[in-house]
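Enquirer: Single-letter residue listing:
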Amino acid sequence: DVKVTQSSRYLVKRTGEKVFLECVQDMDHENMFWYRQDPGLGLRLIYFSYDVKMKEKGDIPEGYSVSREKKERFSLILESASTNQTSMYLCASGRVSVNTEAFFGQGTRLTVV
Amino acid sequence: AQSVTQLDSQVPVFEEAPVELRCNYSSSVSVYLFWYVQYPNQGLQLLLKYLSGSTLVKGINGFEAEFNKSQTSFHLRKPSVHISDTAEYFCAVSDPPTGANNLFFGTGTRLTVIP
Numbered sequence: 020d021v022k023v024t025q026s027s028r029y030l031v032k033r034t035g036e037k038v039f040l041e042c043v044q045d046m047d048h049e050n051m052f053w054y055r056q057d058p059g060l061g062l063r064l065i066y067f068s069y070d071v072k073m074k075e076k077g078d079i080p081e082g083y084s085v086s087r088e089k090k091e092r093f094s095l096i097l098e099s100a101s102t103n104q105t106s107m108y109l110c111a112s113g114r115v116s117v118n119t120e121a122f123f124g125q126g127t128r129l130t131v132v
Numbered sequence: 068a069q070s071v072t073q074l075d076s077q078v079p080v081f082e083e084a085p086v087e088l089r090c091n092y093s094s095s096v097s098v099y100l101f102w103y104v105q106y107p108n109q110g111l112q113l114l115l116k117y118l119s120g121s122t123l124v125k126g127i128n129g130f131e132a133e134f135n136k137s138q139t140s141f142h143l144r145k146p147s148v149h150i151s152d153t154a155e156y157f158c159a160v161s162d163p164p165t166g167a168n169n170l171f172f173g174t175g176t177r178l179t180v181i182p
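Sequence lines, in order, name chains S and Y.
The working numbering numbers the first residue of the first sequence as 20 and each following residue consecutively.
The working numbering numbers the first residue of the second sequence as 68 and each following residue consecutively.
By construction, these hints were calculated from the structure, which means they are not laboratory data.
We put the CB at the ideal spot given by N, CA and C, even for glycine.
Any given hint might turn out to be false.
Quick partial rundown of chain Y residues pointing at chain S, CB under 8 Å, derived from the structure [said to hold, decoys possible]:
id	residue
1	Tyr92
2	Val96
3	Tyr106
4	Pro107
5	Gln109
6	Gly110
7	Tyr117
8	Asn169
9	Thr174
Simulated restraints, written as ranges between beta carbons of each label pair [as the list claims (entries may be wrong)]:
id	chain 1	residue 1	chain 2	residue 2	range
10	Y	Ser93	S	Lys89	43 to 51 Å
11	Y	Glu133	S	Lys32	42 to 50 Å
12	S	Lys89	Y	Glu133	39 to 47 Å
13	S	Met73	Y	Ser151	36 to 44 Å
14	S	Glu88	Y	Ile150	18 to 26 Å
15	S	Ser86	Y	Ser93	39 to 47 Å
16	S	Met73	Y	Glu83	26 to 34 Å
17	S	Thr102	Y	Asn128	31 to 39 Å
18	Y	Thr72	S	Ile79	15 to 23 Å
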């Protein structure tokens with residue numbers, strides 16, 4: 020069964036902390052994505068990666084960075100967390116081919132206080 | 068870049084009634100179209116997708132969607148909803164041939180099924 024696993028369901032962090040959100044997929048997918056989900060705004064792409072050590076900025080990369088050292092793992096990093104980064108974060112993965120779809124993790128609800 | 072409009076942010080409907088969730092996209096060129104569902108406290112799950120071929124696409128849980136190129140729409144329908152269909156529904160579009168390389172999502176429609 021297809022699986023995308025995010026390391027935490029809920030996180031509470033303080034303003035200014037460095038925050039790591041981890042995502043692992045077991046499907047050998049080339050592509051991995053980080054989205055942010057906010058009420059009324061839908062899902063917005065933060066970063067995506069199409070291969071190990073490769074990354075592309077999405078629509079809202081400011082305040083975030085990513086790391087992909089292994090094919091199965093894609094990390095989202097908040098260098099200095101701020102309250103406006105309080106949100107639901109969704110990781111997804113998919114193949115580089117036509118007829119593809121994205122598979123999503125359960126999400127991490129991050130609260131920055 | 069593509070954009071997706073889901074006109075209805077909330078749709079209440081009685082159990083066993085039909086429902087249509089509307090989705091329009093911006094591009095007039097070939098696109099791939101998707102509907103995802105998000106149940107409370109869960110990630111997104113694919114309901115159905117249109118890549119090519121027949122404009123009527125059937126998905127899981129009795130849902131279907133019709134691709135209308137001239138109206139750039141991809142509305143989701145179900146003839147008779149169940150309580151368990153209460154969820155948030157997202158329409159998404161991507162440019163072929165990259166498929167899911169970059170999905171553009173609408174803002175979502177919250178479907179509430181009333182007993």
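Enquirer: Decide, hint by hint, whether the structure agrees.
Expert: Here is what the structure says about each hint:
no. : hint                             : in the structure
1   : Tyr92                            : violated, 13 Å
2   : Val96                            : violated, 15 Å
3   : Tyr106                           : violated, 11 Å
4   : Pro107                           : violated, 11 Å
5   : Gln109                           : holds, 6 Å
6   : Gly110                           : holds, 4 Å
7   : Tyr117                           : violated, 11 Å
8   : Asn169                           : holds, 7 Å
9   : Thr174                           : holds, 4 Å
10  : Y/Ser93 to S/Lys89: 43 to 51 Å   : violated, 36 Å
11  : Y/Glu133 to S/Lys32: 42 to 50 Å  : holds, 44 Å
12  : S/Lys89 to Y/Glu133: 39 to 47 Å  : holds, 41 Å
13  : S/Met73 to Y/Ser151: 36 to 44 Å  : holds, 40 Å
14  : S/Glu88 to Y/Ile150: 18 to 26 Å  : violated, 44 Å
15  : S/Ser86 to Y/Ser93: 39 to 47 Å   : violated, 33 Å
16  : S/Met73 to Y/Glu83: 26 to 34 Å   : violated, 49 Å
17  : S/Thr102 to Y/Asn128: 31 to 39 Å : holds, 38 Å
18  : Y/Thr72 to S/Ile79: 15 to 23 Å   : holds, 19 Å
Of the numbered hints stated above, those contradicted by the structure are hints 1, 2, 3, 4, 7, 10, 14, 15 and 16, listed in ascending order.
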